[in-house]
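Q: Single-letter residue listing:
Protein chains: 2
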Amino acid sequence: MRDVAERAGVSIATVSFLLNDTKPVTAATRARIEQAMTELGYRRNAVARALASRRTHIIAMAYPAMEHRFGMSTAEFFTGAAEAARKEAYHLVLWPVGNDGVELRELLGQGLVDGVVLMEVQLDDPRIDVLEQTGTPFALIGRTTDLEGLSHVDIDFDTTVQEAVEYIHQLGHRELVLVSGDLADPRFDGYGPWVRTENAYRRIAAEYGLRVVVMPCGDTTHAGREVAERLVAEHPETTAILVLNEYAALGIVSGLRHLGHAVPEEFSVLALLMVPETAALSDPEMTFLRTPGPELGHLGAEALIRRLENADPLPPQLIPADLRPGASVTTPRPNRKPRRT
Amino acid sequence: MRDVAERAGVSIATVSFLLNDTKPVTAATRARIEQAMTELGYRRNAVARALASRRTHIIAMAYPAMEHRFGMSTAEFFTGAAEAARKEAYHLVLWPVGNDGVELRELLGQGLVDGVVLMEVQLDDPRIDVLEQTGTPFALIGRTTDLEGLSHVDIDFDTTVQEAVEYIHQLGHRELVLVSGDLADPRFDGYGPWVRTENAYRRIAAEYGLRVVVMPCGDTTHAGREVAERLVAEHPETTAILVLNEYAALGIVSGLRHLGHAVPEEFSVLALLMVPETAALSDPEMTFLRTPGPELGHLGAEALIRRLENADPLPPQLIPADLRPGASVTTPRPNRKPRRT
DNA sequence: CTGAAAGCGCTTACAG
DNA sequence: CTGAAAGCGCTTACAG
Numbered sequence: 001m002r003d004v005a006e007r008a009g010v011s012i013a014t015v016s017f018l019l020n021d022t023k024p025v026t027a028a029t030r031a032r033i034e035q036a037m038t039e040l041g042y043r044r045n046a047v048a049r050a051l052a053s054r055r056t057h058i059i060a061m062a063y064p065a066m067e068h069r070f071g072m073s074t075a076e077f078f079t080g081a082a083e084a085a086r087k088e089a090y091h092l093v094l095w096p097v098g099n100d101g102v103e104l105r106e107l108l109g110q111g112l113v114d115g116v117v118l119m120e121v122q123l124d125d126p127r128i129d130v131l132e133q134t135g136t137p138f139a140l141i142g143r144t145t146d147l148e149g150l151s152h153v154d155i156d157f158d159t160t161v162q163e164a165v166e167y168i169h170q171l172g173h174r175e176l177v178l179v180s181g182d183l184a185d186p187r188f189d190g191y192g193p194w195v196r197t198e199n200a201y202r203r204i205a206a207e208y209g210l211r212v213v214v215m216p217c218g219d220t221t222h223a224g225r226e227v228a229e230r231l232v233a234e235h236p237e238t239t240a241i242l243v244l245n246e247y248a249a250l251g252i253v254s255g256l257r258h259l260g261h262a263v264p265e266e267f268s269v270l271a272l273l274m275v276p277e278t279a280a281l282s283d284p285e286m287t288f289l290r291t292p293g294p295e296l297g298h299l300g301a302e303a304l305i306r307r308l309e310n311a312d313p314l315p316p317q318l319i320p321a322d323l324r325p326g327a328s329v330t331t332p333r334p335n336r337k338p339r340r341t
Numbered sequence: 001m002r003d004v005a006e007r008a009g010v011s012i013a014t015v016s017f018l019l020n021d022t023k024p025v026t027a028a029t030r031a032r033i034e035q036a037m038t039e040l041g042y043r044r045n046a047v048a049r050a051l052a053s054r055r056t057h058i059i060a061m062a063y064p065a066m067e068h069r070f071g072m073s074t075a076e077f078f079t080g081a082a083e084a085a086r087k088e089a090y091h092l093v094l095w096p097v098g099n100d101g102v103e104l105r106e107l108l109g110q111g112l113v114d115g116v117v118l119m120e121v122q123l124d125d126p127r128i129d130v131l132e133q134t135g136t137p138f139a140l141i142g143r144t145t146d147l148e149g150l151s152h153v154d155i156d157f158d159t160t161v162q163e164a165v166e167y168i169h170q171l172g173h174r175e176l177v178l179v180s181g182d183l184a185d186p187r188f189d190g191y192g193p194w195v196r197t198e199n200a201y202r203r204i205a206a207e208y209g210l211r212v213v214v215m216p217c218g219d220t221t222h223a224g225r226e227v228a229e230r231l232v233a234e235h236p237e238t239t240a241i242l243v244l245n246e247y248a249a250l251g252i253v254s255g256l257r258h259l260g261h262a263v264p265e266e267f268s269v270l271a272l273l274m275v276p277e278t279a280a281l282s283d284p285e286m287t288f289l290r291t292p293g294p295e296l297g298h299l300g301a302e303a304l305i306r307r308l309e310n311a312d313p314l315p316p317q318l319i320p321a322d323l324r325p326g327a328s329v330t331t332p333r334p335n336r337k338p339r340r341t
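Keeping their order, the protein sequence lines are chains A and B.
Counted from 1, the first sequence has number 240 at position 240 by our numbering; the numbering is strictly sequential.
Counted from 1, the second sequence has number 231 at position 231 by our numbering; the numbering is strictly sequential.
What the hints contain is simulated information worked out from the structure, not anything from laboratory work.
Keep in mind that the hints are not guaranteed to be accurate.
Here are the computed distance ranges between Cβ atoms for each label pair [what the hints assert, rightly or not]:
{"hint": "1", "chain 1": "B", "residue 1": "R211", "chain 2": "A", "residue 2": "Q110", "range": "51 to 61 angstroms"}
{"hint": "2", "chain 1": "A", "residue 1": "L318", "chain 2": "B", "residue 2": "A31", "range": "48 to 58 angstroms"}
{"hint": "3", "chain 1": "A", "residue 1": "L19", "chain 2": "B", "residue 2": "I12", "range": "28 to 38 angstroms"}
{"hint": "4", "chain 1": "B", "residue 1": "H68", "chain 2": "A", "residue 2": "R43", "range": "21 to 31 angstroms"}
{"hint": "5", "chain 1": "A", "residue 1": "P126", "chain 2": "B", "residue 2": "E39", "range": "18 to 28 angstroms"}
{"hint": "6", "chain 1": "A", "residue 1": "L123", "chain 2": "B", "residue 2": "G190", "range": "41 to 51 angstroms"}
{"hint": "7", "chain 1": "A", "residue 1": "A48", "chain 2": "B", "residue 2": "H68", "range": "29 to 39 angstroms"}
{"hint": "8", "chain 1": "A", "residue 1": "R43", "chain 2": "B", "residue 2": "N45", "range": "22 to 32 angstroms"}
{"hint": "9", "chain 1": "A", "residue 1": "E34", "chain 2": "B", "residue 2": "A48", "range": "25 to 35 angstroms"}
{"hint": "10", "chain 1": "A", "residue 1": "P325", "chain 2": "B", "residue 2": "A48", "range": "48 to 58 angstroms"}
To give an idea of the chain B side of the interface with chain A (calculated C-beta under 10 angstroms), a few residues [as the list claims (entries may be wrong)]:
{"hint": "11", "residue": "Y42"}
{"hint": "12", "residue": "F78"}
{"hint": "13", "residue": "R86"}
{"hint": "14", "residue": "L92"}
{"hint": "15", "residue": "L112"}
{"hint": "16", "residue": "D283"}
Ideal Cβ placement from N, Cα and C applies to all residues, glycine included.
Generate coordinates for the entire structure from the input sequences, incorporating the hints supplied.
A: As structure tokens, then:
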């Protein structure tokens, strides 16, 4: 920078003003500086800038690697956020830290990042206390129970479930089961998506006059297969199954087939939150609601960066998953009698 | 740091020496400094340290987001590297940059990272020129053709293919097809894994006296389904299919089933590089060779960090994928005549 | 074993 | 519109 200033015959302050567009510079000096910069191949040093300006232009995504698997959806959130950050000239680091906030506090102390995007938010999340205590700007992908003043974006679970139930109901299904998450698993204690989906379903199913059956299920294909067995045994009147976890959804389909039940002829299966790549893996191809992963990753980074730049805050956004018809849902089988009450 | 030094009655230099373990410090002063640090809740500022020491302790993983999808395997590489980095007190940023090296050069100019881990390496990779020209330390996950002096780790394709062919051959299969990558796709021009797998297969199959049939295929389930159709039509004598891409492998299985062919009774299908989560999605569960993703991610970061710390270099490592028997491979069907020559 | 001081390469009041 | 200078919070020769 000193070299550039010298060559252009100005002070380094002026070069800095031009670079940051922080004070007006005459067209003439601008031209001289710019020429000097290209001649010298100058690039501004990000570390020195960070130290002087107290802004590193690095943001972190905190991910609970121990508690949650890093699956396709997570990858979408992350790469979506990384691309949004890059567009705004920020860098995104991945912090695999525990849900208790201890490691997070440790890392924040280093002063390396300007802010944090929090993923896999719990209804009452210790990491948020850490962020608030340390005065770190942050944005949530997900929601806590108490959202006062928090920047957040999330899936619109109400609309998503509403859309799913409506679609299934309008096809004529009246005996549904929701295969939800297993909230008894300590790794998912108070895990927002599971709680919210289940609550939304209970309310909406009741509105449609449907009997509410909810089965908990782990987040793996194997867990899905097991639940398929129990479901057929315990709720044989079922004609349509809504599945929250994408891996479980595939397990349900293959579990049913192994039990000799045709999908969708005997059981329609609808995945509530899935990525297209996973849906394509299913046979028959899954009818699903597409997780807005790239969009939420983008918005989460965007919300944080707006806050960092003191721009107009991004209003909280709830994005519904949208329906992608496949071949795993059809009209209910006619050949079985409705359940007697 | 000044506060700590003051409180402990020493100079800031001494605090720094202790912190970095760069010069010996008496037990007494050490104790005083450490007490002062805990009392003040001191944490060393990473940015100032980076500027003064010219080492940021940040490494980047360059990922060609435009050319390659960020799938399960990629996620494993990345999270594996992130965890290894964290253990060594480094941070990992994701740089979604193009394969041509232009964006990479731009980012390197900022001086934010100490080095780069390169993923999805091409046999002749322009990004390596950029790294060398800028004098940036780097490590490869993958290999170029010319490897002179480059730190790298990669899948051991030779051993992997060897193991696969041996397993299939010993079960009695004599009519194999390799479903490889589509090197005509410009996004995968000179893409190492595809080239190496295909070369290894041609050599090894010949050693076993097998006729060599290789079919190119895209990296999606749909592409796999289409290839299944062509395969049955063009090579009906086939009894075993080796598939390179994990998504294509699932497509082949479901494609065969749709054509009315049983897996594994009529066609055995073996996935050459797959993650367990994907294998579990298949029906029947896939017999596969497990991509050493977490391990390679770890080793890639490790190799780079060793180089950065001037430690003994990590010798180049080739890790084979190991066989995980599932239910998609069995002995060849007896009911069809061997191909007449 | 410890300290005084220069310097890393920028930004930013402050002054003109 | 431009500049001189302090300072961001550390590390690291150099000296003792």
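Q: Would you say the C-beta atoms of L19(A) and I12(B) sit inside 28 to 38 angstroms of each other?
A: Distance hint for L19(A), I12(B) holds at roughly 31 angstroms.
Q: CB of P126(A) to CB of E39(B), is that within 18 to 28 angstroms?
A: 25 angstroms, holds
Q: Taking the Cβ atom of L123(A) and the Cβ atom of G190(B), is their distance within the range 41 to 51 angstroms?
A: 49 angstroms, holds
Q: Is the gap between the beta carbons of A48(A) and H68(B) within 29 to 39 angstroms?
A: 34 angstroms, holds
Q: Under 10 angstroms, Cβ to Cβ, is where L112(B) needs to be relative to chain A, so tell me if that hint holds or is violated.
A: 4 angstroms, holds
Q: Should the hint that R43(A) and N45(B) are 22 to 32 angstroms apart at their CB atoms be regarded as holding?
A: 23 angstroms, holds
Q: In this structure, is the beta-carbon distance linking H68(B) and R43(A) contained in 21 to 31 angstroms?
A: 27 angstroms, holds
Q: Please check whether R211(B) and Q110(A) have a Cβ separation lying inside 51 to 61 angstroms.
A: 60 angstroms, holds
Q: Hold the hint about Y42(B) up to the distance rule: shortest CB distance to chain A must be less than 10 angstroms.
A: Because about 9 angstroms separates Y42(B) from the closest Cβ in chain A, which is inside the 10 angstroms limit, the hint holds.
Q: Under 10 angstroms, Cβ to Cβ, is where F78(B) needs to be relative to chain A, so tell me if that hint holds or is violated.
A: F78(B) check passes; min Cβ-Cβ to chain A is 7 angstroms, inside 10 angstroms.
Q: Within 25 to 35 angstroms or not, the Cβ separation of E34(A) and A48(B)?
A: 30 angstroms, holds
Q: Assuming the hint says 48 to 58 angstroms, is it satisfied by the Cβ distance from P325(A) to A48(B) or not?
A: 56 angstroms, holds
Taken one by one, the earlier hints all hold for this structure without exception.
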